[in-house]
Amino acid sequence: MHTYEPVIGLEIHVELKTASKMFCGCPADHFGKKPNTQTCPVCLGLPGALPVPNKKAAEWTIMLGLALGGDIADVSKFDRKHYFYPDLPKGYQISQYDQPIARGGALKFKVQSSKFKSGYEKTVRIDRIHLEEDTGKLQHATVDGKKVTLVDFNRSGVPLVEIVTEPDLHNAEEAREFLKKLHQIVRYLVISDADMEKGSMRLEPNISLRKAGAKGLPPYKVEVKNINSFRFATLAINYEIARQRSILDDGKVPIQETRGWDEGKAATVTQRSKEEASDYRYFPEPDIPPMSFAKEQIRQLADQIGELPDEKVKRFEKEYGLEQRDIAILTETRELADYFEECVNIGKIPAQKLANWIINRKVDINAVLPARLVASILKAGEVIKVPTDLIATVLSENPKAVSDYKAGKEQALMFLMGQVKRQLPQGDSQQILEALKIALG
Amino acid sequence: MLLDLSIQTLAQKLRGKEISSADLIRESYAQIDRFDKKVNSVITLVDQEEVIEKAKNVRFTSPLSGIPFVMKDAYLTKGVRTTAASKILDDFIPPYSATVYRRLEEAGAILIGKLNMDAWGHGASTENTDYDPTKNPWDMTRSAGGSGGGPAAAIASRFCSFGIGEDTGGSIRNPAAWNNISAMKVTYGRVSRYGAIAYASSLDTMGPTAKLVEDCAYVLEVIAGHDPYDATSSSHPVSSYVKELRQSIRGKRLAFPTEFYGDALDGEIKEAIAKAREEFVSLGAIVEEVSLPLLEHGVSVYYILAPSETSSNLSRYDGIRYGNGRDLFTRETKRRIMTGTYALSSGYYDAYYKKAQKARSLFIDQYAKLLSRYDALLAPVTPIMPPKFGQLLDDPVKNMMADLYTVPVNIIGLPSLALPCGFGKDGLPIGMQLVGRMFSEGELFALGHAYQESTDWHRKQPVMLER
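Residue numbers (the numbering used here), protein chains in the order written: chain A, 96 to 536; chain B, 395 to 861.
Wrong hints could be hidden among the right ones.
List of simulated lysine-lysine pairs, BS3-like, C-alpha gap at most 30 Å [stated by the list, open to error]: (1) A:Lys232 <-> B:Lys481; (2) B:Lys752 <-> A:Lys176; (3) A:Lys176 <-> A:Lys320; (4) B:Lys472 <-> A:Lys129; (5) A:Lys172 <-> B:Lys481; (6) A:Lys276 <-> A:Lys172; (7) B:Lys481 <-> A:Lys176; (8) B:Lys752 <-> A:Lys172; (9) A:Lys172 <-> B:Lys763; (10) A:Lys217 <-> A:Lys276; (11) A:Lys150 <-> A:Lys457; (12) A:Lys532 <-> A:Lys457; (13) A:Lys151 <-> A:Lys128; (14) A:Lys128 <-> B:Lys472; (15) A:Lys306 <-> A:Lys176; (16) A:Lys129 <-> A:Lys276; (17) A:Lys150 <-> B:Lys748; (18) B:Lys748 <-> A:Lys176; (19) A:Lys232 <-> B:Lys472; (20) A:Lys275 <-> A:Lys457; (21) B:Lys748 <-> A:Lys172; (22) A:Lys176 <-> B:Lys763; (23) B:Lys728 <-> A:Lys176; (24) A:Lys390 <-> B:Lys728; (25) B:Lys728 <-> A:Lys150; (26) A:Lys320 <-> A:Lys205.
Worth flagging that the hints you see were computed from the coordinates, not collected in a lab.
Starting from the given sequences, assemble the full structure and let the hints guide the process.
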C-alpha cells in the first residue's frame, strides 16, 4: 500500500447572462423557454449565416479575468473546434484555442479541515479563461410510441466562459471550496446566475494520483463530466480517488479517459477513452476578425468590477467591526451585503444589531425594503421598553404565580406571559419571556 | 433586343416610359425559353407571372429598378430554392435572404433565376454540378467556366441584364473571360457575405458580372458597403463607382508581371493581352514590366487554405438537418473535404495550414510593395482557352492550374476586374484582368471602362444569338 497525493484541476463552464447570444441577436435567457422559439439563421447554423461577436460577452470575460488577477490578451481571436454531434448545428463550435482572452491569475480561498482546526488558506493558479458558444440541447423522448431524440436550439450560441485551473488541488474539499469561491465571484460580477441546477455553471474535474512526495504530473488523467452540484463534485472526486488508488495498488495505471458522473449509481462511468478522443482540427475562425483590447478599455472595465468578496470582508471588518462569522454570512452575496449596508446607512440602528437581526431572523431581503426593516426593528425596540411598567403591574397583580415560579414551577412563567400578552397582543413572546425572567430575578 | 442595352440606357428608357419592366422580363423569359435547354444555365427559374407582377409594381428608386438579374445559386433568396448546385440542398427553401439579395430587392432589381455553378464553388468548369454542366454559348462542346458558369453563360446569352457571382479563387473572373463578359472580383470585405453559402470564408467575395464594365459599376454601387451581419465586412467608405468610371486614365501606371506570361500561358491569350497592353499605352497609361516571383506558389497556398476552410464550412451538411446525406457530395467536393481535413489535423496543421498562412503574408507584402508603385497590374485571367468537357474534370491537377492567375488575388484580398480582350482563331473569347489595390474598385472600373470605350470585343455576341 502506497500513499498517494491526488492531483486535481478543474474546468468550469459558466453561461453569461448577456441580453443576446454570443454571435446573434437571439435572447440568451433560454431556461424553461418553449423549444426552438429563440433561434435564427446564425444559431441554427443555416447556410450562409455568419457570426458577429457579442461585445458585452467579451467585456465580461475580461472583467472575470481581471477579477481573478489574470493578464488580458492584447489580441485575442476565435477558433473553430470541429466535431459532429446533433446539438452542434455547424459541425464546429466557435471557441478559443491558442489566444484566450485571459491567461494566468489565481484564486485564494479558505479550506476548513479536520487536520487544521482553524482551516487553512489555499491558492489555486488559473491557467486560462476563454469565451465560446454553448450547444443546443438533446431531449430523448417518446413521440407517438416511437423513441426519438429531439433537438432544442434555444441554448445554441449562448455565451459560455470556460475557466481552466492549473492542477493545484489535492482533495475534494479544496475543489469544493474553490468552486464556491469562484461561484461567489461570478455572482458578484453579475455576469451569470451561475445556477448549477439550471446548468448555467458546469464543472469538470480532472483527477489523477501520484505517489506522495513525487513531483510532476502523473502519466494519465481522468476527466469527469455531467456534474451539476458542488456535492456531486465532491462525491465524484472522492469516488475517482478511491477507484484510481485501487488500480494503482494493483500495480496498474488507470487509463486516460473521460468519465461521467452517474447520479443513480453514485459512481463515475466510462464515456470515452483516449483512443476515441477527437481531433478537433482547430483553426482560426475566418468569419470573425481578431479582437484587440486597448489598455484604456481594460482599465475602464477594471473600474466596473466593483468590490469583490475579499475586499468587502476586509472593509466590513474595519468599518463595522462585525463578528467574523457574521461578515462571512453578510458578504456571501453582493445583494445581501448591499442590503445590510443600505440598512446601516439609514443611520438609526447600530451595525452589529442590524447584522444580528438580518442573520438570526433570516430576513427575506427581496420582500422587506431596508427602510421597512429598520422601522420594524425600531418598533420592536419600543415593545421591549413598554413591558417594564406592564411587567411590574402583571407581577404585582399575580403574586401566586410569582411565588409558584420562584418555587420552581416553570408553567407559572407561561401564565405570566399570557397575562402580559393580553395587554400587549403585538408583543414578541421571546422578548416578554426575557423581560419576565429579568424582572423575576 | 433590349437586353443588349446597358443598365444606364435601360434605366433611362424605363423612367421615360419608352419601355416597361414587364417588357424586359418577358424578353428575359423568352430568351431563356429559347436557349437554355441547350445552355443549361438555370437551376431554378422564378415563376414568370410572379416576376411580371413584381415588375408591374416596381418603383423607380435606383438605376437597377425594374431590371432583371440572376444570381449564382450560392445566395440565399427567401422563398426561392437555393441549392449551391448540390443535391444535398435540392429541396432547401431559404427562410431568409442574403444581404446582397436584400439590397438588390430594395433597389427594385428583379430576380428571375438561380444559376448553375460547380457545387459549393468547387471547380473551374461548372461540371462539378448536380444539375448538369452549363455549356459555353460560344461553343456548346466547351465549358462555360466556373465555378459561376451559369450566370456568365446567361449574360452572354442575353437572359438577363446582369448577374451576381461569387469569387473564391477565380469563380467570377474565369467564366467572365470564357464568355466574353465583364466581372468585378471585389476587395475582401467590400460586399457582405451574409447569406452567401460559404466555400472558403477568408477568400469568398461577392461581386457583379455583366456585359459591360460600366454595368458592373452600377451594380456594385448598390451591393457594396458595411453589413452589421458580417463581421468581416469593411466600413471603408463606398465610392460612387458610376462617377469614377469616367475618370481619365492618362498617366495611370500599369504593371505587366512577366511571370504571368510564361510557358503555362496559351499563345493566343498571350497575344491578345499584348494587344491590350498596346491599347492601354495608346490611351495614355504607362505600362512597365515587373516581376512577381511568388506567382507559382499561389495554387499551392490556395489549395491548402480553401479546402481547409471548406472542410469546416461543409460540416453542417451532416445529413441530419437538410434531409440529404453526405454521399451526395461530388467527387471534387469529397476530394477537397479530405484534403482540408488532413491539412487541419493535429500533427499536420503546422506543416500545411500554418505554413500556407505564412505564405499568405508573403503574398500580401510582395503585392503591396508592387502596388505602391503601380495603380494596377495587367494579367491574363486563365492560362487556357475554354476547355472541352471532361478535360478539367478528368484531371484534378489541370483543374487546379486553371486557377493559376486568379488565386493570388483571393489569397491577398485584392480587387480584380475581368473583361474581354479578344478572341482566338476558333472564335473563343479571351479575357484579361486588372488587379488593383485594396478598395480601388473605382480606379479599376475607370481603366476597364476607358478600354471598352475604345474597343468593341465586349459587343461581340455568340453566333447562336445571331440566328
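Exercise. What are the numbers of the hints that this structure violates, sorted from low to high?
Worked result: 5, 11, 15, 16, 22, 24 and 25
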